[in-house]
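Asker: Got chain B; can you put chain U with the ligands on it based on the hints?
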Amino acid sequence: MGNAVIKVESLGKCYRLGMKEEIHDTFVGAMASWMRSPLQNFKNLQKLAAFNPGDESDDILWALRDVSFEVKQGEVLGIIGHNGAGKSTLLKILSRITDPSTGSVTVDGRVASLLEVGTGFHQDLTGRENVYMNGTILGMTKKEIDRKFDEIIDFSGVEKFIDTPIKRYSSGMKVRLAFSVAAHLEPEILVIDEVLAVGDAAFQKKCLGKMQDVATQGRTVLFVSHQLEALSNLCSRAIMLEKGTIYKTGDTEEVISTYLNKQATQSTTRLRDRTDRQGDGRIRFIDSWIENDKGDRSNIFRSGELLKIVLAYEVKEGLALSNITASIAINSIKNISVTLLRNDNTGDSFEGQIPSSGRLECIVKRLPLNVGSYSYNVSVHSLGGLEDWVPHAGSFDVEPGDFFGTGRIPDRERLILMDHNWSINTNTF
Amino acid sequence: MAQHRIVLKPRTGMTGINWRELFEYRDLFFFLVWRGIKVRYAQSALGIGWAVVQPVFSMVVYTVILGKLAKIQSDGVPYAVFSFAGLVPWTYFANALTDSSNSLIGNSNLVSKVYFPRMILPLSSVLAKLVDFGIAMLLLFALMVWYGVFPNASIVALPLLILLMMVTAAGLGMWFTAMAIQYRDVSYAMNFIVQLLMYAAPVVYPSSLIPEKYQLFYALNPMVGVIEGFRAALLGTRPMPWDFIGVGSIVALGLLVSGALYFRFKERIFADVA
Ligand SMILES: Nc1ncnc2c1ncn2[C@@H]1O[C@H](COP(=O)(O)OP(=O)(O)O)[C@@H](O)[C@H]1O
Ligand SMILES: [Mg+2]
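Chain order of the listed sequences is B and U.
Quick note: the first sequence uses our numbering, first residue 4, plus one each step.
Quick note: the second sequence uses our numbering, first residue 462, plus one each step.
Simulated from the structure, these hints should not be mistaken for laboratory data.
A portion of the hints provided could be inaccurate.
Stated by the list, open to error - Cβ pair distances, simulated, as ranges:
| hint | chain 1 | residue 1 | chain 2 | residue 2 | range |
| --- | --- | --- | --- | --- | --- |
| 1 | B | Lys146 | U | Pro620 | 24 to 32 angstroms |
| 2 | U | Thr476 | B | Glu364 | 34 to 42 angstroms |
| 3 | U | Trp480 | B | Gly212 | 53 to 61 angstroms |
To be verified - If you only want the chain B side, here are some residues facing chain U, beta carbon under 8 angstroms, derived:
| hint | residue |
| --- | --- |
| 4 | Ser98 |
| 5 | Ile100 |
| 6 | Leu128 |
Since this is a predicted model, take the numbers as computed values, not measurements.
Where is the CB? At the ideal position from N, CA and C, for every residue including glycine.
If we strip away everything but chain B, and leave its shape as in the complex, we get (with noise of 0.2 angstroms):
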């Protein structure tokens, strides 16, 4: 371990709400505007390009905040925090690829990203073409790719293919040339966004056995990642982003045990204490939590996976209830009604007199839903009306996920998956 290569100090980062938006905003309509209201408009656009640090206007979102920490030479770090916490816009300005806002970070040594497999690749384009392509993008010079190039192919094992340009591949073969080529990076510092997700689980391995090769060289590792296990074989040392600050720093066995714990907590205590909640109370839930396939509990879910949400309730001391309807509404985190789940609806009807005591279990079996994080509503009505109602019962996160089976991950854009097919007709009539 030698001295610190990356010095992170007070860096922030916000983004100006709507300068997504912004881009489909017509050079016309600006130039409309721009005469409607001069001056606020020059300020609007010049806010745009240039943030004040003490600026605390409501349409700026700051996704990293006072965040500093130093990386020693050698050392991996992992990175763990919910959807939105800020990992990803810390590793782009890791590397290079968006500026702070506030603060400052020194960094010695060449820095390679991997924040997305296969950035650069080319469906025209072979195999061949498309590693050397991936390769400079990545940071590599033409002649490092020539040399390493025998290995890379034989790391994919798709050298059969390789000059056959690559929309002819399945989607699992392109994930696996596009990881040998990241699996090659030389750098001084390697930088890694939550890109394991992808791919097979045997390549997947292999993949973190490289990277546990890489680690031993004495490079430097930045590692995003959900996959907790994976965290805690490669590294020493762990951050947990929490709303753009640092919530934790410090061992990764500890750091991992507060992350679970703060997901815990945050789901299951509460329900039964809340009081901003409605409904005549004869029948209350008193807890809410998700479980995966394997029965644990657990908040975060890839597309297509299994999902169970449990509700616990009790039913008044002294009272018996029949014919109930459950309802859990999911939200997006911007407060878009995705989906209601009801059981009437399912014809799952809880008709007779129901447990005095016990537990509402709803199962999705593949999960539709698309990257990002999500929250629900549960509700009970009986004959006599509504018995209770509470908002933000529990909440979970979507990471990207093998929703169709194929290997591929879909466009995350998209807050739906729906399960389609595709097939050609000759006719057209």
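Answerer: Just chain U with the ligands, lined up with the frame of chain B:
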């Protein structure tokens, strides 16, 4: 170790161009140029033929409409070869400008996922389009032989003219692409802008149609000097218009420098809006 020390801080004010870094990324630059060429011809039946289709069909249309029907004067050479000598550099310029103006939007996935000097993108478009230009030039020579028109000694100025048209395309391209990533309709308007610019250059008519007193003003468009220069060198319709080329070069250099500075100034928000 310390040779690679980088300090990342909020950027303020103008930023110069980091030549060393551009040089370090030369492999990526050439692969992007190569990809631009390769992808264009992959899976197209006509393949490299597309490089000539555009100028040839324009030439035919303009020859019939402007040369034969409207009888536009063409400085003493057949209208077909006259207009083709203008259309070849113009087609290059139009395509290089359109491509480089779309280069940031078209590669927004790269911009938001990896670091490299962003300027590589518009510049590689400008270089990639030279292949089409080279092919169209061969056709121009063939057409000249067909019509019995031959180049003269001033053909030595041709490389300079080619450089001038590349610099102009690069300068404007950097301006437009840096604007387009924030205002998408700059890219929607590209076709229209290019069309307008075409009539502001002597592509389908001779510059001698422009009244004497406006000629230097007209030459503010660097493509005026380029196209008239092409005709002077290849068709001998006039002496080499050094006055046009001089004015055009100053403007082109101005566009290049201001375009590069504007691009560097805007660069800090590219990844955030891409
Ligand atoms: N280009 C952008 N424009 C506006 N907001 C952004 C942009 N990129 C990220 N954000 C916001 O910054 C926050 C942190 O995002 P991110 O770093 O991607 O989180 P993580 O990787 O931890 O899930 C999120 O709230 C996200 O919506
Ligand atoms: Mg992320």
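Asker: Look at each hint and say if it fits the structure.
Answerer: Taking the hints in turn, this is what the structure says about them:
1. B/Lys146 / U/Pro620: 24 to 32 angstroms: holds, 30 angstroms
2. U/Thr476 / B/Glu364: 34 to 42 angstroms: violated, 58 angstroms
3. U/Trp480 / B/Gly212: 53 to 61 angstroms: For U/Trp480 and B/Gly212 the Cβ distance comes to about 41 angstroms; the hint is violated.
4. Ser98: holds, 5 angstroms
5. Ile100: holds, 5 angstroms
6. Leu128: Interface hint status for B/Leu128: holds (7 angstroms vs cutoff 8 angstroms).
The structure fails to meet hints 2, 3 from the earlier list, while all remaining hints are met.
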